[in-house]
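Keeping their order, the protein sequence lines are chains A, B, C and D. Residue numbering for the first sequence follows the numbering used here, starting at 328 and increasing by one per position. Residue numbering for the second sequence follows the numbering used here, starting at 328 and increasing by one per position. Residue numbering for the third sequence follows the numbering used here, starting at 327 and increasing by one per position. Residue numbering for the fourth sequence follows the numbering used here, starting at 327 and increasing by one per position.
Possibly wrong hints are sitting among the right ones.
As the list claims (entries may be wrong) - Derived DEER-like restraints, expressed as beta-carbon distance ranges:
1) Arg652/B with Asp551/A: 52 to 62 Å
2) Asn553/A with Met643/D: 42 to 52 Å
3) Asp629/D with Lys513/A: 31 to 41 Å
4) Lys345/B with Lys672/A: 51 to 61 Å
5) Lys400/B with Lys513/A: 35 to 45 Å
6) Lys358/C with Phe550/A: 36 to 46 Å
7) Phe550/A with Met643/C: 30 to 40 Å
8) Lys640/C with Met328/A: 45 to 55 Å
9) Lys612/B with Lys640/C: 35 to 45 Å
10) Lys355/C with Glu342/A: 32 to 42 Å
11) Met643/C with Ser636/D: 30 to 40 Å
12) Lys549/D with Ser584/C: 10 to 20 Å
As the list claims (entries may be wrong) - When the alpha-carbon atoms are kept at most 30 Å apart in a straight line, the in silico DSSO-like pairs for lysine-lysine are as follows:
13) Lys348/A with Lys431/D
14) Lys605/D with Lys590/D
15) Lys348/A with Lys508/C
16) Lys509/B with Lys672/B
17) Lys431/D with Lys513/C
18) Lys489/C with Lys538/C
19) Lys613/A with Lys608/B
Unchecked claim - Which bits of chain A does chain B cover? Going by a derived footprint, with three or more residues having C-beta under 8 Å, they are:
20) 424-438
21) 591-598
Because the hints were derived from the structure by calculation, they are not lab data. Note that beta-carbon positions come from the ideal geometry of N, C-alpha and C, so glycine has one too.
What follows is the residue order along each chain.
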Amino acid sequence: MAITFAQAINKALHEEMKRNKNLVCFGLGINDPLRFFGTTKNLKEKFGDERVFETPTSENAMTGVGVGMSIHKNPCVMMHQRLDFFLLAMDQLVNSAAKWHYMFGGQKSVPITIRLIVGKGWGQGPTHSQSLQSWFAHIPGLKVVMPSLPNDAYNLLKSSIRDPNPVIFIEHRWLHEIEEKKILIKDSKKNIGTKLLNKGRDLTILSYSLSTIEILSMKKALFDNNVSYDHIDIATLKPLNLNLLKNSLKKTKKLLIVDTISHPICSIGSEILSQVFLDKKIKLKKNPILISLPDIPTPTSFFYTKDFYVSKKKIFNSIEKILERKLRYNLDLNEIHDVPNKNFKGPF
Amino acid sequence: MAITFAQAINKALHEEMKRNKNLVCFGLGINDPLRFFGTTKNLKEKFGDERVFETPTSENAMTGVGVGMSIHKNPCVMMHQRLDFFLLAMDQLVNSAAKWHYMFGGQKSVPITIRLIVGKGWGQGPTHSQSLQSWFAHIPGLKVVMPSLPNDAYNLLKSSIRDPNPVIFIEHRWLHEIEEKKILIKDSKKNIGTKLLNKGRDLTILSYSLSTIEILSMKKALFDNNVSYDHIDIATLKPLNLNLLKNSLKKTKKLLIVDTISHPICSIGSEILSQVFLDKKIKLKKNPILISLPDIPTPTSFFYTKDFYVSKKKIFNSIEKILERKLRYNLDLNEIHDVPNKNFKGPF
Amino acid sequence: MKKNNFYKEIYRLQKTIRLTENKIAKNYKKYKMRCPTHLSIGQEAVAAASGLALKNNDISISYHRSHAHYIAKGGNIKKLFAELFGFKEGCSKGVGGSMHLIDVKKKFYASTAIVSNSIPVGVGIAYSLKLNKQKNIVCIYIGDASLEEGVFYESLNFAIIKKLPVVFICENNFYSVYTHLKDRQPKDREFYKLANSLGAKGYRLRQNNPFKLFKELKKINEKVRKNPFPHFIEIKTYRYLEHCGPNDDTNLGYRTNSELNKWKKNDTINFSANYLVKKKIMTKEKILKLDQEVKKQIDSDFDSMKRLRSPKFKDIMKLTYR
Amino acid sequence: MKKNNFYKEIYRLQKTIRLTENKIAKNYKKYKMRCPTHLSIGQEAVAAASGLALKNNDISISYHRSHAHYIAKGGNIKKLFAELFGFKEGCSKGVGGSMHLIDVKKKFYASTAIVSNSIPVGVGIAYSLKLNKQKNIVCIYIGDASLEEGVFYESLNFAIIKKLPVVFICENNFYSVYTHLKDRQPKDREFYKLANSLGAKGYRLRQNNPFKLFKELKKINEKVRKNPFPHFIEIKTYRYLEHCGPNDDTNLGYRTNSELNKWKKNDTINFSANYLVKKKIMTKEKILKLDQEVKKQIDSDFDSMKRLRSPKFKDIMKLTYR
Ligand SMILES: Cc1ncc(C[n+]2csc(CCOP(=O)(O)OP(=O)(O)O)c2C)c(N)n1
Ligand SMILES: Cc1ncc(C[n+]2csc(CCOP(=O)(O)OP(=O)(O)O)c2C)c(N)n1
Ligand SMILES: [Mg+2]
Ligand SMILES: [Mg+2]
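With the sequences and hints as input, model every part of the structure.
Here it is, written out as structure tokens:
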């Protein structure tokens, strides 16, 4: 039976709420009629509205409340329908959650998982589409997870919830309807989350979150062109484990990083490049390429976003450049660039 | 006549306040008895307390107030005695100041300069010592400036104030007492701020802010060891102009980045490395080295900070590693690691 | 404004807002206005009365549900439509969308999308007005959820200690998205009393008679103009459509049809029309004529969108910095 | 506590706090306690009365000026000294310093250095207590500047709608660093009234008679314990020394000697000592003996620091994550 990313999140939340009677979930919209894009369906019905509660529009306080609950007896999952709103809570995140365990000498840790949804398309515009994973990765004390497929969403959300440290769990809104055949249950104690999605010789493509789905959708075209590539999906951005990447690079000696949901400067992409650059054991045959969003806020208009967002064409072109040969590919001209699928009718 | 960094800031503020009758300065502590580490001396006396005003402890609102003043008729300089407090204002910084000009179609810009002081030593600890330049550099719409010497502080503060865009102006607390012989007045319309402080053949050392002072203090020792190096101080971090660095690297083919006031992940250092790595025209002879703080919050204790902060020894060792030869150097064993100079007696 | 003329103007403004919003609602489902859009249908009286109570050089600033405030301050309706469609001719060049409106000439300074985000910006403008000795005021529109964000309190505090010429107009429509006020704030909280004890001057006005509301607001504005000080005005109101988008939403179950119908029965536009007739300020026929005039203008503004061309990303690529 | 025993306990606690802080002040200038340190000398009555009014399993949480609250909740004084010196034996292993104290066993849950930062954390603990059906309360200490941060209002609002067992103790010492309250908040603002109109229960108590204060707080705490609901208590008080550090600071000119002396004349520790004698609860001699006992213990705690060894960074390198 197929399961969507949103259903996988929902399943993980149900199981963890059942498993740990102390776990609490809260957020603005958690109990709305659509149930937080379907991810919190039946949660309140099952576990009551003391453990699953709606909040006032008070992002900073609610983050602190989450810290308080979780240093006391109640680990929690906090959620925000847009990452952008969470900018109000940076004091509690950085000065409290991230540092608590350390600055109080290791006596209390903060088992909080913070789900942040990243918007795209349908005019989300400058303040409803930001994805700040590199901010979070910069802060010691936080972990950062960004799964791309339902299985990882499920397993990583479970391990994040069980992690005694604060975990930022970022979901791209366009992933919610992505399906996989079934859920394979992994060991939920570890933040797994780096894996090989395709195996080849000539090129290593690294991606995460929505970018991974984009690369997956190009699989056939690349196959038809005899492009033999390693495709690595990296779902745990902090702590960043690049072993798989580095091993791959020793073989392919060519690197393309596809990070279509981040601005370029001081990004996860830059960080990965710099770590590869610093490593003595890796010598590339060609300069790597990093694809990211332009260093410009997201525009609202349908017309502008078309070129603001990274097109498949651009990814194909980058591969051509690295491999130094032309590829043949058909782009679906009926595809609309600002919706995740044909049924999506906005607004969020 | 020698002038300190703090005096240079003060001089720039006086001149700009005089030059532009609409300019306003505000911040918590701006009119305190010590006058914001001496940087706002006589400002209130000269320009009155409507243009130079103390604020309540309301970082987020005051940032928005600054945006409001500056989109109307009054450009302004806002200041925070510690960068850490400014975490409360990320919504107004990122969702308002950085995006205003863009998201309203280029009709109103936000000429605000935000001075942030970074603490170090004397037990500033986890929440009074953070330096988040890479966060700010990640956000399109912001500029980021971090001078190391009085001349740059003076000229860059003036150009920042005249810049029609929001500029984050970060001052390391330990720079305030640094002296230069005299102020050379530059064209204040441009954000200059990358310069060669030493010229050589074998190695390029890049640094900014306090790290630059640290490298300058090693000049004689490096000279005595016949180390021939380019020393580049990069004071404007966003927009980042790496031409000088790249030209230097074409010559030296060896790179050491000294960034002793930032955590490593997704840092300015990583960004610079990645940009060098992406550039086809640069081939290094050795892997570069990036020196930064460990990925751990700042501890408070005198004993811990000794090894938490980057020592001169570590810098020397890195140079030895890149040059593949031993250096002779004396470390001042009387130097106390947690104060900028012998007169400093805390607490801030 | 000529004596009694304001009656007509308020009515015209209410109608203009209603018909503009209806036009958007009706056409939204063609999926060409692709951005989150919060309509003010049901809340027009507040915008109309408060907008007309401002002088041309007064400034207003608003939140995500801002079409009405933009229009009420004289904002260009063609540019509003163009903004929703994402054309370069939009009031924000299509970059901002429905939640980021601006009309610099008309001194509608901005609306923003993050709850309470525009509040301190409005207060900063007021500080600037004071510094420049301008005799103008700033009108800051907020929703009821704004009182849940700390920045509201910080901003109001600053406005009080600096005695700034700001008038907060709080449109209390009881809901924040799908959540009723009683689940977000203390049950017996009275906004105007809270404003008082924070140190501002609090008022509670009603929308049911927009003409009366206008006069009350006008009086308050003149007071603030003379003796700058933050005033806070709560006006209870109600949105007829869903939180975001063009549809009815009582089927979702978070509010009842009977609640909605109660407000619809007291629709302020109907009230205004009836009032004008009853008080013999306008005849039924004149009103109908005015309605048609308004409708025609809006139709023509909307139709003009067809003539606009798709803009290109490169048109705005240089806009990040000035 | 035995009947009347609380008199002695309050006095002892006041004295303990005063002498501990004095000890720190006197030794700070040897530059071995190298961290920003905010002393509570002058404010002991609030800490002593409120600390003793809590039960062992009640929780308290505080702000940057927290030594007194830590001690009043039973916090280990040796570990406090060690924390200031930066030893591994400190209550936070030397990682946090003066502004980050904790004593988990005594349920002093934390103090933090960012103004108002610990408030929502305290409220979260209260939510957790409620969920776990514990009959305990959370005492959140704040300064007067806390009311300038929005998060205070957000947190209080949440505590009210969830009916949480929290007691805010606001130590209003009139200053935030060098700035008087009247330059930061509306002149005639009354904190307790503001709390009331936010929807909490507001009180204004006085420190002048610490025994009375204790009884009043005790009563409020029991009320909250029975019917969980946020209570807000303002107590005016005064710090004798500079904002941060061990010195007198009237030379700076932001406050007057006469203001300081007025408060010193009404020193609450003197009051308590006199009261005990007058009410024949303790003789002068007994008090002197107690004083000496307290002093001896503090001296010995402080002296024990000499025996501690310098810790190494690697001892705490693994502490960032659990
Ligand atoms: C900081 C922040 N949190 C959450 C949201 C999501 N959000 C958008 S509109 C809205 C409701 C606001 O309610 P109210 O202020 O009463 O205005 P109304 O929509 O009722 O007009 C919310 C919570 C947001 N935009 N910003
Ligand atoms: C968010 C933030 N802004 C500024 C500061 C600097 N600061 C440290 S203590 C303090 C004064 C706080 O005053 P109050 O709450 O009255 O406590 P008091 O020091 O008087 O006990 C300030 C502003 C800070 N620590 N945090
Ligand atoms: Mg509402
Ligand atoms: Mg105070």
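Requested in this report: Could you say whether the range 32 to 42 Å given as a hint is met by the Cβ separation of Lys355/C and Glu342/A?
Outcome: For Glu342/A against Lys355/C, whose Cβ atoms are near 39 Å apart, the range 32 to 42 Å holds.
Query - Satisfaction of the hinted span 42 to 52 Å by the C-beta atoms belonging to Asn553/A and Met643/D - result: At roughly 49 Å between Cβ atoms, Met643/D and Asn553/A fall inside 42 to 52 Å, so the hint holds.
Report task. For Lys612/B and Lys640/C, compare the CB-CB distance with the range 35 to 45 Å and indicate the outcome. Result -> holds, 40 Å
Query raised in the report: Straight-line Cα separation of Lys605/D and Lys590/D no greater than 30 Å?
Result: holds, 22 Å
Query - Agreement of Lys613/A and Lys608/B with the hint, judged by alpha carbon distance not exceeding 30 Å - result: holds, 11 Å
Query raised in the report: Is 31 to 41 Å right for how far apart the beta carbons of Asp629/D and Lys513/A are?
Result: violated, 55 Å
Report task. For Met643/C and Ser636/D, compare the CB-CB distance with the range 30 to 40 Å and indicate the outcome. Result -> violated, 56 Å
Query raised in the report: Can the restraint linking Lys348/A and Lys431/D be considered satisfied, given a maximum Cα separation of 30 Å?
Result: Measuring from Cα to Cα gives roughly 24 Å; hence the hint holds.
Query raised in the report: Holds or violated: 36 to 46 Å for the Cβ distance of Lys358/C and Phe550/A?
Result: holds, 37 Å
Query raised in the report: Falls inside 45 to 55 Å, the C-beta gap from Lys640/C to Met328/A?
Result: holds, 47 Å
Query - Given hint Lys513/C paired with Lys431/D - CA-CA distance at most 30 Å - result: Violated, at about 37 Å.
Query raised in the report: So does Lys400/B sit 35 to 45 Å from Lys513/A, Cβ to Cβ?
Result: violated, 60 Å
Consistency note: the structure conflicts with the earlier hints numbered 3, 5, 11, 12 and 17.
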